[in-house]
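Engineer: Note that the protein sequences, when read in sequence, are chains W and P.
Last residue of the first sequence: 99 (numbering that gives the first Met the number 0), numbering continuous.
Last residue of the second sequence: 165 (numbering that gives the first Met the number 0), numbering continuous.
Note that these hints are calculated values from the structure, not bench results.
Keep in mind that this is a model prediction, so the values were computed, not measured.
Any given hint could turn out to be false.
No more than 27 Å apart at the CA atoms, straight line, and that leaves these computed lysine-lysine pairs for DSSO-like [claimed, not checked]: (1) 162/P <-> 84/W; (2) 78/P <-> 88/P; (3) 129/P <-> 78/P; (4) 86/P <-> 84/W; (5) 84/W <-> 88/P; (6) 78/P <-> 84/W.
Sample of chain P residues at the chain W side, in silico, Cβ under 10 Å [what the hints assert, rightly or not]: (7) 35; (8) 72; (9) 102; (10) 122.
A virtual CB, placed ideally from N, CA and C, is assigned to each residue, including glycine.
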Amino acid sequence: MLQEYMILSIILFCIGVVGLISRRNIIVIYMSIELLLNAVNLSLVAISADLADTSGQVISLIIIAIAASEAALFMSLFVVLFRNKSSLDADLFDMLGSKK
Amino acid sequence: MQNEIIFAILALLTIVSSIVMISAHRPIDSALAFIVALICIAALFGLVNATFLFVVQIIIYAGAILSLILFIVMFLNIKDENLPDEKNKNWWLLGTSLIVAPFGAILIDLIVRSDIAVNMVPAEGFGGIKDVGLTLFSKWVLPFELVSILLLVALVGAVTLAKRDN
Numbered sequence: 000m001l002q003e004y005m006i007l008s009i010i011l012f013c014i015g016v017v018g019l020i021s022r023r024n025i026i027v028i029y030m031s032i033e034l035l036l037n038a039v040n041l042s043l044v045a046i047s048a049d050l051a052d053t054s055g056q057v058i059s060l061i062i063i064a065i066a067a068s069e070a071a072l073f074m075s076l077f078v079v080l081f082r083n084k085s086s087l088d089a090d091l092f093d094m095l096g097s098k099k
Numbered sequence: 000m001q002n003e004i005i006f007a008i009l010a011l012l013t014i015v016s017s018i019v020m021i022s023a024h025r026p027i028d029s030a031l032a033f034i035v036a037l038i039c040i041a042a043l044f045g046l047v048n049a050t051f052l053f054v055v056q057i058i059i060y061a062g063a064i065l066s067l068i069l070f071i072v073m074f075l076n077i078k079d080e081n082l083p084d085e086k087n088k089n090w091w092l093l094g095t096s097l098i099v100a101p102f103g104a105i106l107i108d109l110i111v112r113s114d115i116a117v118n119m120v121p122a123e124g125f126g127g128i129k130d131v132g133l134t135l136f137s138k139w140v141l142p143f144e145l146v147s148i149l150l151l152v153a154l155v156g157a158v159t160l161a162k163r164d165n
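Kindly generate the complete structure, drawing on both the sequences and the hints.
Structural biologist: This is the structure we're talking about:
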């Protein structure tokens, strides 16, 4: 079962990387990052089940907590960016601290 | 045999819904496709006896994070003119997949060639809340405390960022 899980995890990771690189909508970029984290979680859980060791599941629990805190930060960033430029286009957000 | 069939169905659903997620034009469509992918991944966790993570994945990812995304998408009241106009989106997706595919193929080839499966037999109650909790609070106490600090920082940071500066 481990090999199938690892192959699925690699495929999901590749889909996430493709979405991360090629899209310009920041919400889709954020969800691609979440997909990358989920692919890693899937491989960690599969390895933990194969080795009968719970540590992998604890690592993926910690990754889920990190993803939750990331979600809170991203959401407030979306609100600020949308308020400033009223667009979701990642190409417009290149000011990086400069005065508008 | 039964597990393999369930795995194949879930894997197909996950891959299809994540492709829909990265290629949908409107963010609400990709969020809804992402919910399907997350629930399928939760079911895949359940298939390898990770029952506690199954529950956590559904509560935190499909419950909290996705409802936060949907809330923000509806709160911002996004119209079609606010979306980036990605005329060549499909060409970009195709080109990037052609670049990423060789790396994925190399990794899959590596996994298929190497015999990594150990096939240990799990003990009774493996992956349950007691097992995971005992490991978390005995071997992984320091990362647990660091995660609590990280959550505090994220909380303060989210409030500070979203505040209107006068």
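Engineer: The structure should be examined with respect to each hint, and the outcome stated for every one.
Structural biologist: Here is how each hint holds up against the structure:
{"no.": "1", "hint": "162/P <-> 84/W", "result": "holds (16 Å)"}
{"no.": "2", "hint": "78/P <-> 88/P", "result": "holds (19 Å)"}
{"no.": "3", "hint": "129/P <-> 78/P", "result": "violated (47 Å)"}
{"no.": "4", "hint": "86/P <-> 84/W", "result": "holds (20 Å)"}
{"no.": "5", "hint": "84/W <-> 88/P", "result": "holds (22 Å)"}
{"no.": "6", "hint": "78/P <-> 84/W", "result": "holds (14 Å)"}
{"no.": "7", "hint": "35", "result": "violated (12 Å)"}
{"no.": "8", "hint": "72", "result": "holds (7 Å)"}
{"no.": "9", "hint": "102", "result": "holds (7 Å)"}
{"no.": "10", "hint": "122", "result": "holds (7 Å)"}
The structure fails hints 3, 7 (numbered hints given earlier, in ascending order).
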